[in-house]
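Asks: Next come the chains, spelled out residue by residue.
Number of protein chains: 2
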Amino acid sequence: MIHKNTHILIVGLGLIGGSYARALHKAGCHVEAIDQNPDSIGYALHEGFIKAGSTRPDPEMIGQAQLVILGLYPKVEIEWVRQYQHLFAPGTLLTDVSGVKGGVLDVIQNFLRPDLELVGCHPMAGREVYGVRNSTDAIFGAANFIVVPTDHNTEEGIQTAIELGALLGFSKVTRLTIAQHDEIIGFVSQLTHLIAVSLMTCNEDENLQNYTGDSFRDLTRIARINENMWSELFVMNKAPLLAQLDAFQAQLGKLRQMIDQEDFDGMKELFRRSTARRALFDR
Amino acid sequence: MIHKNTHILIVGLGLIGGSYARALHKAGCHVEAIDQNPDSIGYALHEGFIKAGSTRPDPEMIGQAQLVILGLYPKVEIEWVRQYQHLFAPGTLLTDVSGVKGGVLDVIQNFLRPDLELVGCHPMAGREVYGVRNSTDAIFGAANFIVVPTDHNTEEGIQTAIELGALLGFSKVTRLTIAQHDEIIGFVSQLTHLIAVSLMTCNEDENLQNYTGDSFRDLTRIARINENMWSELFVMNKAPLLAQLDAFQAQLGKLRQMIDQEDFDGMKELFRRSTARRALFDR
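Residue numbers (the numbering used here), protein chains in the order written: chain A, 1 to 283; chain B, 1001 to 1283.
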């Protein structure tokens, strides 16, 4: 149960960590934060959505935390927990935000102190800009929150994570296994970024913006991409992601053939199927 | 010059034809329409954005037209002009809206009466719904209008087409040759639809909408696709379109290789380039 006196600690006060802080503060929770960047901590203290902050892993702050949100990139998340978990009080619940779970969740849970618990979470929300100054709780409202329970988790810990998703304002909270999560994220999130980048960089025309319509803008919005975070995610999720990419390329190849062979019936049938499936996504 | 007494005739009162009618009526012009569908004509007369309408090619209406907008699919456009051009008065200016110019503009201009003129236009605007009841002049505001002059056109005819684009409210009017138009449209408009459809249909998971984020929705908005219009456009623009598709697939293949080989430097360099190019499109 998360209540107004629960000490929430956010490690990594970036776009997502900052957005969590704003949302939880608005919900009346007690939020503190640790981030290497003094500007981030100073900004959040000034804005008032954290009650205390530190630019170093303050032992007292960490020791008092009851619910911890690791708002860090996957590799950094693993190393931070490895280095500082000895400072947590027994019974502390940790959650994260990383976009890939295999190679992160299982790794951490294998060295985590037995009296601590980490429940993997993935807030399916974001913006193409970064940092705490761009954080906003508005990104959670119409989005999906995924909780990734494993054998290392208790039902109580899982329920608290689900409660966290609801508290943040997510419209939908789902449970997936590590394998399911990585496969699905490979498809709906990572492959889409690969497509956007390829579309953006396969044509050198300097004046495309004069001729473009909304479809091109829509497909390339996410071509504005954080190179550090995404290159790491793609490689960490290599196997499921490349499988999804191959499936997509194969389908596009089939469509190419239909056009080449002027198979109108085949195309129309496919387009009707596409239209019907897309209707499932309209909110 | 288009003025308030210019008799404008719209042949084909669908989404685009209807949107033209609304915009031109709002600008104070005299607009009439011909469409096979009595409901479309009745609706537009009732709403008041056309002054007269007919469900058949009324000779008097056609004979009085000074500026004609052919709001028809490419193949229908060709046949309609072939069948009814004899009804136009000398000096009538025709324009169209078709999404492909090669195989349409050149074909028509080769059999068009010498005392008539057709200036090819492409309003780069649309919606995923169809029909006059969904038409709206709001779709032109932030969009691009392309005029496609050929050797068959006079400078006066071209200027009138440019004026039409401005009158409709387009934020940008550009001139392209048939070949340039079809190559660019193959890339920014048609390829994007092929990608969206392939993404929508390459994964059979029934519950994707529970896990999706904005990136997937954005990339598949246009997966809701009019199967008749688009299959026709793709085949008519086959050569340029398949060339663009191959370039896209090659780039995606290079990215696949970078992930497989864990080439972080290569990926980051590509992502920075992608981000820089995307910035050109922000309005």
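Just so you know, these hints were derived from the structure itself, not from any lab.
Quick reminder that beta carbons are idealized off the backbone N, C-alpha and C, glycines included.
Just so you know, not all the hints are guaranteed correct.
Claimed, not checked - Once the Cα atoms are required to be at most 30 angstroms apart in a straight line, the calculated DSSO-like pairs of lysine-lysine come out as:
hint : chain 1 : residue 1 : chain 2 : residue 2
1    : B       : Lys1268   : A       : Lys238
2    : B       : Lys1051   : A       : Lys268
3    : A       : Lys51     : A       : Lys75
4    : B       : Lys1268   : B       : Lys1238
5    : A       : Lys75     : B       : Lys1254
6    : B       : Lys1172   : A       : Lys254
7    : A       : Lys238    : B       : Lys1238
8    : A       : Lys51     : A       : Lys4
Said to hold, decoys possible - The following residues of chain B were derived to be distant from chain A, with all beta-carbon distances above 12 angstroms:
hint : residue
9    : Asn1037
10   : Arg1082
11   : His1122
12   : Pro1149
13   : Thr1150
14   : Asn1153
15   : Asn1228
16   : Lys1238
17   : Leu1245
18   : Met1258
19   : Asp1282
To be verified - Some, not all, of what chain A presents toward chain B, calculated at C-beta under 8 angstroms:
hint : residue
20   : Tyr73
21   : Lys75
22   : Val188
Asks: Compare the structure with each hint and give your call.
Replies: Hint by hint, here is what the structure shows:
1. B/Lys1268 x A/Lys238: The hint holds at about 16 angstroms.
2. B/Lys1051 x A/Lys268: violated (37 angstroms)
3. A/Lys51 x A/Lys75: Distance ~28 angstroms between A/Lys51 and A/Lys75 Cα, so the pair holds.
4. B/Lys1268 x B/Lys1238: violated (34 angstroms)
5. A/Lys75 x B/Lys1254: holds (25 angstroms)
6. B/Lys1172 x A/Lys254: violated (36 angstroms)
7. A/Lys238 x B/Lys1238: violated (34 angstroms)
8. A/Lys51 x A/Lys4: Holds, at about 13 angstroms.
9. Asn1037: holds (21 angstroms)
10. Arg1082: Label holds. Min Cβ-Cβ 22 angstroms, cutoff 12 angstroms.
11. His1122: B/His1122 not clear of chain A: closest Cβ-Cβ about 9 angstroms, inside 12 angstroms.
12. Pro1149: Given a closest Cβ separation of 15 angstroms, the condition holds.
13. Thr1150: Check passes; 18 angstroms lies beyond 12 angstroms.
14. Asn1153: holds (19 angstroms)
15. Asn1228: violated (7 angstroms)
16. Lys1238: Non-interface label on B/Lys1238 violated, nearest chain A Cβ at 6 angstroms vs cutoff 12 angstroms.
17. Leu1245: Per Cβ check, B/Leu1245 is inside 12 angstroms of chain A; nearest 6 angstroms; violated.
18. Met1258: At roughly 9 angstroms from the nearest Cβ of chain A, B/Met1258 sits no farther out than 12 angstroms, so the non-interface label is violated.
19. Asp1282: violated (9 angstroms)
20. Tyr73: Given a least distance of 13 angstroms, the restraint on A/Tyr73 is violated.
21. Lys75: Nearest chain B Cβ about 12 angstroms off; hint violated.
22. Val188: holds (4 angstroms)
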